[in-house]
Each structure stands twice: as structure tokens, then as C-alpha cells.
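If you're matching them up, the sequences are chains A and B in order.
Mapped onto my numbering, the consecutive letters of the first sequence carry residue numbers 1 to 549.
Mapped onto my numbering, the consecutive letters of the second sequence carry residue numbers 1 to 396.
No lab work stands behind these hints, which were simulated from the structure alone.
Idealized CB from N, CA, C, for every residue including glycine.
Accuracy of the hints is not assured; some may be wrong.
In silico DSS-like cross-links for lysine-lysine, where the CA-CA straight-line distance does not exceed 30 Å [what the hints assert, rightly or not]:
#  : chain 1 : residue 1 : chain 2 : residue 2
1  : A       : 390       : A       : 450
2  : A       : 193       : A       : 517
3  : A       : 536       : A       : 38
4  : A       : 39        : A       : 71
5  : A       : 53        : A       : 193
6  : B       : 295       : A       : 524
7  : B       : 365       : A       : 71
8  : B       : 292       : A       : 523
9  : B       : 99        : A       : 524
10 : B       : 281       : A       : 523
11 : A       : 517       : B       : 99
12 : B       : 366       : B       : 99
13 : A       : 523       : B       : 295
14 : B       : 44        : A       : 524
15 : B       : 281       : B       : 366
Under 7 Å between C-beta atoms, here's a sample of chain A residues computed to sit facing chain B [as the list claims (entries may be wrong)]:
#  : residue
16 : 81
17 : 88
18 : 195
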Amino acid sequence: MKQIKCDCGHVNPLGTVLCESCGKPIEENQHIDGNEGKKLLNMRYDGTARRSKTYTKSVVDRIWSFFSSVKVGVWLIVLALIASMIGTIFPQEMYIPANTPNRDPAVFYESQYGVLGLIYYQLGLHNLYSSWWYLLLIALIGVSLVICSLDRFVPLFRALRHQNPKKHQSFLSRQRLYSETESATDEELETVKKQLKKRRYNIKEKDGYLLAEKGRFSRWGPYVNHIGLIIILIAAILRSTPLFFMNEYVWVREGETEVLPGTNGEYYVENKDFIFETHDENDERFKDALSKEGMVASNYQTDVVVYKANRSIPGEEPELEPVVEDSIQMNKPLSFDGYDLIQSGYQLNEFSSMTFKIHETSDADEKSLGSFTVDLRNPQPEFDLGNGFKVVLDQFYPDYYLDDNGIPASETNFPRNPAFVFSVYSEDSEKPEVSFVGIGRNIDGTGENKYKLGIEDFEMHDVSGLTFKYDRSLPFFGIGAVIFMIGVIQGMYWQHRRIWIHKRKDGSLVMAAHTNKNWFGLKKDIETVTENTNIKMVEDQQELGEKDN
Amino acid sequence: MDLLSISSTALYTAFILYLIATFFFGATIKDKQTDNKKKGFSGKIAITLTIIGFLAQLVYFITRWISSGHAPVSNMFEFLTFLGMALVLGFIILYAYYKLSFLGLFALPIAMIIIAYASMFPTEISPLVPSLQSHWLYIHVTTVALGQGILGISFVVGLMYLIKEVDQTVRSKETTWLEIVMYILFVFIGFIVITTSFNFMNYNATFEYGQGSSAATTDYHLPAIAAPNGGTLVTEDVMKPWFETPAWFQGEDAGRKFNTLIWSVITGTVIYLITRLILRKRVGATIQPLLKNMKADLLDEIEYRSVAIGFPVFTLGGLIFASIWAEIAWGRFWGWDPKEVWALVTWLFFAAYLHLRLSRGWHGKKSAWLALVGFGIIMFNLIVVNLVLAGLHSYA
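Go ahead and model the full structure; you've got the sequences and the hints to work with.
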């Protein structure tokens with residue numbers, strides 16, 4: 001490997017901008033950090049040699065330099081930002097409102113938003129966040145994070161660990177904060193040193209050169225937070241595998257026990273009771289708001305028992321052994337054996353069963369001639385009433401409505417608005433009479449029916465919707481987030497401050513200072529430490545001269 | 001006097017104190033040296049009033065919390081009020097460090113606009129729906145507001161920087177954009193003025209309109225320029241609507257919100273034009289001389305510092321705490337809900353800001369413009385996402 005030897009004798013790696021030891025600008029490399037013709041030195045990475053700026057020949061070099069460029073990184077961030085915005089113009093497919101007439105995305109976007117909606121759908125923007133190009137964009141940001149960090153961290157770490165207090169004059173005078181004092185006494189220098197120590201600066205001295213430094217660890221902040229982000233991206237990859245993440249949804253009726261999906265029949269859940277509560281309208285505190293907004297829910301709760309299935313022989317009807325009995329509320333999920341059950345939905349007042357009676361159409365008192373009960377979860381096809389009447393269930397619409405063509409149909413499979421077509425067979429007629437019965441409807445098939453069916457009784461239940469899941473990637477996300485926060489606080493709330501002082505043999509003194517942020521604070525520090533001495537306050541050379549905006 | 005009226009009195013008091021403090025901050029214009037440790041008398045009064053005002057607002061917050069039984073950050077009124085408070089807190093912290101009286105002259109009016117804007121939303125104490133019943137409500141929301149308040153300071157300071165630095169002697173792209181920002185502030189003022197005036201008159205016009213299969217009504221508190229889509233006016237003796245809100249406006253009460261927007265723009269424009277007529281120059285150009293004693297570098301530094309301080313706080317509240325709560329309440333920590341996406345957009349934007357500044361040397365005007373856009377994104381997430389895009393977070 002070729003190396004560059006500085007006048008001070010230090011041997012620097014190829015691509016070094018400022019000598020690692022004395023800080024003297026290495027002439028042929030000044031273009032790398034754009035120092036040519038500028039008064040001030042670019043101190044961004046302390047002028048260390050970065051691979052991306054040094055080797056640019058081979059394909060690997062080019063890829064490396066591409067991803068290590070902050071410009072590319074910012075572009076990737078901006079593209080991700082714009083893409084994310086676009087995804088909120090219209091709702092994503094999963095957020096198509098439940099009460100929309102047609103939730104099919106092929107219909108929904110065009111019917112709701114016209115041509116723009118159609119284009120949105122055809123471009124696949126209705127599933128933007130899981131599209132290959134969005135994921136690719138995020139992956140590229142990840143690659144950029146890794147390469148950027150490695151490219152800069154390694155040389156910067158080396159440079160800052162072995163700092164030489166002895167700096168070349170051209171390094172000192174080209175710092176943003178700089179001053180020259182014609183004569184300073186040793187006592188004054190001692191005062192400054194004492195003050196610096198008091199302000200918790202670490203002091204290193206060599207041949208009349210002094211380096212006071214504090215908060216160096218804040219320079220590692222960006223790399224620490226990038227590690228946190230990389231862990232988060234890895235966690236996201238893990239989460240896409242079934243080993244780490246499972247998410248299922250189960251509807252359970254009150255009083256029923258359902259197998260929990262995704263557990264190979266190992267776990268069952270029983271819904272003992274679903275509780276829906278609303279805020280008290282007479283509550284003094286909320287009176288005004290409630291009279292305006294109407295009813296406001298206060299609690300969704302399912303009292304459940306979770307069972308574990310014991311099967312001595314595979315395929316055998318299992319023996320259920322209770323594992324846990326608890327109440328699940330919104331914000332209070334139930335955890336057991338690494339799984340979570342979360343209150344996610346409900347349906348109030350579904351019909352469990354309906355009881356009908358037969359009476360003569362002409363009978364004003366509607367005296368019952370016999371009755372039968374339809375179990376709506378599992379309706380029987382035929383009911384023999386025993387007294388000569390037989391009823392056949394021809395059609396059952398659990399959630400009745402008239403479709404666009406005026407034909408009876410069922411909107412869902414849930415018995416929320418049941419309707420029936422019955423054929424009634426009686427002893428006094430060979431042909432059955434057809435009746436249509438529903439909530440609030442009772443239609444005679446021919447208009448000449450002798451017998452009529454009426455709803456005598458019904459039972460209702462609530463249904464609870466539970467999310468059933470495990471997410472073993474969460475600890476990784478947590479670790480990533482904590483590391484990110486540590487890194488970002490380390491980098492943002494502390495600053496790396498360095499002050500170089502050189503007292504020349506003729507008694508004159510030069511002082512230069514640099515910080516990665518908060519110049520105001522650094523100036524305040526210098527002002528305090530030079531108080532009561534004749535040492536000149538540093539001048540801000542950027543404020544006076546060039547300004548790169 | 002019950003707690004609730006103490007609470008609202010305290011908020012009024014805070015508002016008035018901020019207003020008076022602004023005038024005292026204004027009086028510090030004649031202090032020549034901006035970085036002089038010895039502050040003038042008016043500067044001292046101003047910061048004292050600001051702190052008392054902040055304490056009064058704290059009284060509002062605590063008493064409202066006690067009387068409702070939950071942290072008052074559960075709807076638009078409460079959240080925006082808290083955001084205004086966070087902005088004032090951010091200002092007080094930066095004042096303690098930089099001793100810049102001038103910042104108050106700009107930060108307090110912005111905080112006041114936000115608080116006044118907040119009080120245009122329903123102010124009753126409303127009960128919490130089950131999804132909000134969690135300690136994470138105040139952990140998440142207060143941290144977000146604090147982060148946004150501190151980031152808001154970067155907007156205030158960035159605006160000051162631009163007013164000072166943009167050359168007002170010639171018309172340019174920069175003067176135009178700066179004037180547009182000033183105009184937007186006037187639209188907010190317009191919204192407050194027009195809503196307050198008609199509320200004072202108790203104006204009401206009711207519309208009936210079909211929503212799905214059922215009929216709904218909506219009450220307009222401003223004369224209807226735009227009727228709800230497919231709506232008919234029920235109230236008599238009020239102004240007839242000029243046209244209907246187009247159907248592609250989504251969300252609850254889209255018509256009323258659109259109508260309010262039209263009124264705000266009209267009123268804001270009128271106030272703006274009158275101001276321009278009186279001043280006979282750009283608003284930016286009028287304010288510019290007030291800032292001549294400020295050091296541009298210092299403003300640039302404060303703007304950057306408030307992003308540096310606010311960014312981690314926002315990340316913690318807006319992304320990390322938000323995810324933890326979402327995991328508990330909804331069983332998924334991230335679901336691409338519009339509010340979540342816009343929090344991510346805000347985060348990405350300020351991440352880009354920091355990278356551009358640290359590695360690409362975007363200082364001064366470039367970075368000030370970015371600070372303005374950043375706050376624009378925050379306000380977009382707060383107002384447009386809640387009121388128009390509607391998702392899991394539409395609580396107002």
C-alpha cells in the first residue's frame with residue numbers, strides 16, 4: 001500500500017487530507033474535502049483517509065463510494081419520505097372502510113376517487129408499503145447506513161485515539177476559532193489550564209503545545225444510532241418469518257369455545273361473556289360532551305378461558321385443560337405461553353335461535369297451533385311439529401338484504417338480520433304453503449295461505465373478535481430502539497470540543513478551537529477560561545469572512 | 001368556583017400574560033447589544049411574565065386533569081393547547097441558555113396563535129373511548145408535543161433568520177416564499193377572527209344530508225358558502241349556500257370543514273391586504289429592520305440546536321412510545337395508519353435536515369428554509385391528517 005509521509009515525519013495512509021499527527025494539510029489531497037482556496041479547513045472527519053474517497057477504480061470501489069456518500073443517503077431518505085407521503089393520499093387497501101358498499105379494491109378506488117383512484121389502484125399504490133420497490137428503498141437505506149458508518153468510523157476512531165497535541169501552524173490558523181496573543185506569561189497559561197481542568201477538559205501536552213479536549217464520545221453518537229437502526233431493520237426482516245411472527249384473528253360467540261388458529265389445535269379459547277359498556281350520561285364531568293356527541297363507549301371486555309388440548313392419540317377428540325382464565329380489555333391484552341390475545345372487535349346482538357309458531361291466518365288472536373325453534377348456527381332442514389304439521393326450511397339468509405337486482409341475499413354469514421323461506425305442510429292440503437319470514441317482515445308466498453308463521457321468541461348473543469398472535473421480534477426492535485436513542489442523545493446532547501494552545505519560544509501564544517456543534521457554547525468556555533488574563537479571545541473567522549450558505 | 005372554571009380562567013390568564021409579555025419583549029428592540037449579559041428592565045419583566053404565564057397554563061393543565069380524571073391531551077383542543085405550552089417551555093429553556101429577548105417577540109405570538117386555534121375546537125371535557133384508556137396516553141402524547149414544541153422553536157428562529165437575511169430590496173423567489181409563509185400565518189389569524197366573531201353572534205345553520213343509507217345533520221357556525229355534498233338547508237333566515245362541496249372531500253363533516261377553510265382564507269386575505277395597504281411594503285420587509293441587531297450566526301445556531309434537542313424527543317414520543325402503545329392497544333406496533341406514516345415522514349425529514357447540515361454544509365438560509373418546511377409537515381400531520389385523511393387518530 002502506498003503511503004504519504006508528512007514533513008513532521010508521520011506516515012499517513014493514502015488519501016489522508018490532514019496529517020494524522022500534526023494536522024498539516026497534505027497538498028495533493030485538498031480537493032477531497034474541498035479545502036482548496038478556502039481559508040478554513042474542513043474538519044468533518046478530521047481529514048482522515050476514507051476508503052470511499054481514496055479508491056475509486058474497481059466496481060467494488062465504486063459501489064462502496066456510491067453508498068458511502070451522504071448525498072446518496074439523503075436522496076434515499078427523501079425518496080422514502082415522498083413515497084411514504086404518496087401512500088396516504090388515498091387509504092391503503094387494509095384501511096378501506098368496513099361500511100363501503102364494495103370493498104373490492106378494483107371497484108373501490110375508482111368508484112370513490114374517480115380516475116385518480118383508478119390510476120392509484122393500477123399503479124399498485126394501494127399496497128405501497130409492501131411493494132417491492134418500497135422495500136428495496138428501505139433495504140438500500142440499510143446498505144447505505146452500514147457502508148457510510150464503516151467508511152468513516154474506522155479512520156475517525158484511529159485519528160481521534162492517537163491525537164498529537166503538537167499541531168502545525170497552518171492547521172491552527174485555519175480553524176474557525178483562532179487568536180494570536182503577542183505575549184503571554186507562563187502564569188497566564190497555568191490559569192487557563194487550571195480553568196480548563198475545572199471545566200472538565202482533558203489536557204495533553206507536548207513540547208509547549210497543549211490540547212484540551214472534552215466530550216469526544218459524542219463523536220461516536222451517529223455510529224451508535226446507525227447500529228440501532230440496522231438492528232431495527234434486521235428485526236423487521238426476522239418479523240417477516242413465521243418463526244418470529246404470527247398474527248391470526250378469531251371470532252368467538254358468547255358461550256362457545258373455538259380452536260385458536262395457528263397452534264395446530266393445541267389451544268382453545270372460550271368466550272364466557274362479552275361486556276360492552278358506555279359512559280354514564282349523567283356523569284357531571286362529561287354531561288356537555290355526551291349530550292353533543294351521544295353515547296361514548298367506555299369498555300370492551302371479553303371474559304375468556306384458554307384451554308390446552310390433551311390428545312392421547314392424534315386426531316382424537318381432545319381433553320381441554322384450562323390454562324388461564326381472565327378478562328381481556330382494550331389496552332389490557334392477555335398473555336400466556338408466549339402468545340397474546342387482544343380485544344380487537346365485537347358484534348353485538350347476533351341471533352342464536354328463533355322460535356316460530358303456526359297459527360291460522362284468519363285467527364285474530366294468533367292462537368298457536370304448534371311451534372318450532374331454529375338454531376341459527378346450525379339450522380335443521382326440517383321440523384316435524386307432531387300434530388300433522390311439518391315445516392321445511394327452504395332458504396336461510398343470515399344477514400338478509402335485497403341486492404342490486406332486488407333478489408334476496410345475505411350480506412354476511414353472521415346471523416345479524418336473519419330471514420327465512422319456509423314451506424309449511426299440513427294435513428288439510430297436499431301442496432305446501434310458502435312463507436317468507438324475517439324481522440319485521442312476513443310475506444305470504446301466494447296471498448292465499450291458510451296458515452301463518454310468527455316469531456314467538458328469540459335468543460341473542462354477542463360475538464367477540466380477538467387478535468391472536470406472537471411476535472418474538474419485539475425484543476430486537478426494543479434493543480434497536482434503545483441503542484438508537486442512546487446514540488442520538490450521545491451525538492446531539494453532547495459536543496466534542498477541542499482547544500489547541502501553543503506558546504511559542506518568543507512568548508507569543510496562538511489558540512485555536514473546534515467543535516462539531518454549538519460554537520456558542522465553545523466560545524463561552526474560552527471566554528471563561530481566559531478571564532483575567534491577557535490572552536486574546538478567539539475570533540470567529542467564519543462569522544467575519546466566508547459563509548458557505 | 002369549581003375546578004373546571006378555575007382551569008379555563010387559568011388558560012385565559014396565561015394567554016393574556018403571553019400577550020403582555022410579547023409587548024415587553026417588543027420593547028427590548030432598543031437594547032442595542034443583543035448578546036450583552038446585562039439585560040434591560042423590560043426584558044426582565046417580559047421573561048418573568050412569560051414564566052408566570054407558563055405556570056398559569058400549568059394550573060390549567062393540572063386542574064383540568066383532576067376534574068376530568070385523565071390527562072388533558074385527548075382531543076384537538078387539549079392537544080393543541082399543550083403544544084402551545086410546549087413551545088413556550090422550549091422558548092424558556094433556550095432563553096435561559098442564550099438570553100435572547102428577541103426570540104420571545106416571535107415565539108410567543110406563534111404559541112398564542114396555536115392556543116387560540118385550539119380553542120376553536122370543542123372545549124368540553126369528553127370521556128375517553130376504550131382505546132385511549134391507558135397511561136400511555138399522557139406518556140406518548142406529552143412527549144410528542146414536547147418534541148414538536150422544541151422543533152417549533154426551530155421554525156420560529158428559522159423564520160427570524162430569513163426575515164433578517166433575505167434581501168428585501170429586490171423582488172425574488174425568496175421574498176415571495178417568505179411572504180407566502182407570512183400570509184399563511186395571516187390565514188390562521190383569519191380563522192381565529194372569523195370563528196370568534198360568528199361564535200359571538202351564536203350563528204347557526206343546520207343542513208341535512210344523506211350519509212350512506214341514513215340521513216345526517218350538520219351544524220354550521222359560519223354562513224354556508226359551501227354546503228355539504230347533497231345537503232339541504234333546514235334553518236330559515238340564514239344565508240343560502242353558493243355551491244356544494246365536491247364529493248371527493250372525504251371524512252366526517254367534510255362540507256363544514258371546507259366551508260370553514262374558505263372563510264379562513266377570505267378573512268386572512270382581507271386582513272393581509274389591509275395590512276399591506278397600510279404598510280405599503282412586504283410584511284417581511286416591515287419586520288426586517290427590527291432584527292438588525294441580531295447576529296445571524298447565533299440565530300442559525302439556535303435553529304440547529306432546537307432541531308438537535310427536539311429530534312430525539314420527537315423520536316422517543318412520536319415513534320418509540322407510539323409503537324409501544326400501539327402494540328398494547330391494537331396488537332401491532334406499526335400499521336401504516338396515516339398518522340403513523342406522517343410521524344415517519346416528519347422523522348425522515350429532520351433526519352435529512354441533520355445529514356444535510358452536518359455533512360453537506362447546509363447552513364444559513366438553506367437550513368432555515370428546511371426548518372420552515374419541517375414545521376409545515378408537523379402542522380400538516382396535526383391538522384390535515386386529523387381532519388381530512390381521517391384514520392385511527394381522528395379524535396376531534
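- Task: Starting from the hint list further up, note which numbers the structure goes against and sort them upward.
- Result: Hints 5, 10, 18 are the ones this structure does not satisfy, whereas the remaining hints hold.
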